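Novice: Assemble the whole structure, with the sequences as input and the hints as a guide.
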Amino acid sequence: MTADAGARLQSVLAELRRLPGILGVTIARRDGILIAHSLPKAMDPKKIAAMAAAIVGTSEMAAVEMGLGSFNQSIVDTHVGMMMATGAGEEAILVTMLRNEANMGLIHIGVDRAVESIAAILRPEEVPA
Amino acid sequence: MAAPARPVGARAKTGIPVLDDRLKGGFPRPSTLLLFSDKPTEKRIFGENFAVQGIRAGERSLYVDFFRAPQLARGELKRFGSGDASNLVLVDATSSQLLLPSRERYHIDDIGSLENIRETIITAVRAEKPSRIIIDSMEFLVDRFPKEDVLRLWRELIEVARAIGAVICFLFINWTLEERDLQEIRGMSDFVVEFQSSLRGGVVRNSMRISQMAEAGIKTNWIPYTFKDLIGLTVYFPRILVTGPFAAGKSTVVKALSEKSISIDRMGTTVAFDYGNVNITGIEAEIFGTPGQERFEFIFKIFAREVSGVLLVIDATHPDELPRAKQMLDLVGPRIPYVVLANKSDLPGALSSDDISHRMDLPQDVPVIPTVATENRGVREALLLLAEMIIGVR
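First to last, the protein sequences are chains A and B.
Going by the working numbering, the residue at position 118 of the first sequence is 118; the numbering climbs one at a time, nothing skipped.
Add 1000 to a position in the second sequence, counting from 1, and you land on the number used in the working numbering.
Note that these hints are calculated values from the structure, not bench results.
All values derive from a computational prediction rather than experimental measurement.
Please note: incorrect hints may appear among the correct ones.
As the list claims (entries may be wrong) - Over the 10 Å line for every Cβ pair with chain A, so calculated as not near, a few chain B residues:
#1 L1199
#2 I1218
#3 V1278
#4 R1359
#5 T1374
#6 G1378
Said to hold, decoys possible - Which stretches of chain A does chain B cover? Using the computed rule of at least three CB atoms under 8 Å from a CB of chain B, they are:
#7 26-32
#8 53-65
Beta carbons are placed, not taken as given, at the ideal position from N, Cα and C, and that holds for glycine.
Specialist: What follows is the structure, given as structure tokens:
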């Protein structure tokens, strides 16, 4: 069952990564532990997972402090592209790195779909495997 | 008959230094190990690792494999590292079932006959005199033959192994035997190694526990482990938290421990976290450093989950910060092992370990280690001590 969940998460990532302009994708737990990734060799997935958790945690707190409601997504905008950290269910974060040339409409659809799948895959567990 | 392998030490090392230390150098020879789990792959990894660690130490290992073709088994064993392949003796139990000629010296020709199985294994053990024997696995026999006969063979194998001073590992999943029989099997073993996996938030964690059956024997806590290609089994701590009051030197400790680390800091203070990955003597650990200032406590909470152990860093020259240090420990929660690092211990006015222990009202068994993180003094020792506390032996 665990191997199965892992494989399904990988296929969600693979599908997202096929979109033009995407540099890499990672699923992290909200406490900064890596769950799955599809990244270029040069990137350290564990570091990215920890950073994404810090960004999302900080953003969530900021949203609460500012009375802006519940958290959906953090975006880091750079001259090369973007990093999107999107909440995926209670436990996980989907990190998407993309180039500026990417088609944002397509990306948003892809990310929304992926987030739903990830939440569904991770939901029915918590029983000892 | 093969040439005798290199003479072996008194103990059979597991290849995991921190574990071998706890076992006073490894498993004694001769001894009988029961590798017990509710899933097939876990205990096999330990058995395979144990066989290959022997070969890497110049010993000879005999592996009885009821499930895999020998070519496949040899290939898979290579993932644990390389050694002299001629010191790996395989007892081939599958070729005859597939009606293929065996390329191994020892092969079981009639898998339906317990007598043939018995004779083949015992002949191989007596001729090769391996120092480690792995039977993968006993449930294969228990499922096919009468219980009494299998238990008799089990006892005989223990005797044969003992006669040549070998460590013998029996892999076993229990499906059909009753508790009474299990008690008997445990009683025949010197050590029981149990395995378990759990899944939390999409992340699989494996752990094992070693219990010596003799009275007042060694018993470890559940030890988290991972498998690494060409290295084998490694103790793995998914999260060691480095925490403590403002400006105690937490980031420096993380930096001193890890080869590559990152720190998210502004104006000399950590605003998000530090992260480093540590590999020392058979232990891999992910080190997370928290900010010290109270206004960043929400960050602390993000990382304070599923913590294996805590390195609590304090500034030995700042006694007024000690209450804050204790309060940070409470944030992590109870029952998590921790070591106190009395940092900046080289500066004038630094408190002694005893003094700190007294002022913080620490329990007797909590070590206080003087450190100088900027010069990497005492830091690694503190981590190893923490690792030993997490693994635990009584």
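Novice: For every hint, state whether the structure bears it out.
Specialist: Okay, the hints, checked on the actual structure:
{"no.": "1", "hint": "L1199", "result": "violated, 4 Å"}
{"no.": "2", "hint": "I1218", "result": "holds, 26 Å"}
{"no.": "3", "hint": "V1278", "result": "holds, 12 Å"}
{"no.": "4", "hint": "R1359", "result": "holds, 32 Å"}
{"no.": "5", "hint": "T1374", "result": "holds, 24 Å"}
{"no.": "6", "hint": "G1378", "result": "holds, 26 Å"}
{"no.": "7", "hint": "26-32", "result": "holds (count 5)"}
{"no.": "8", "hint": "53-65", "result": "holds (count 5)"}
Hint violations for this structure: number 1 only, all remaining hints satisfied.
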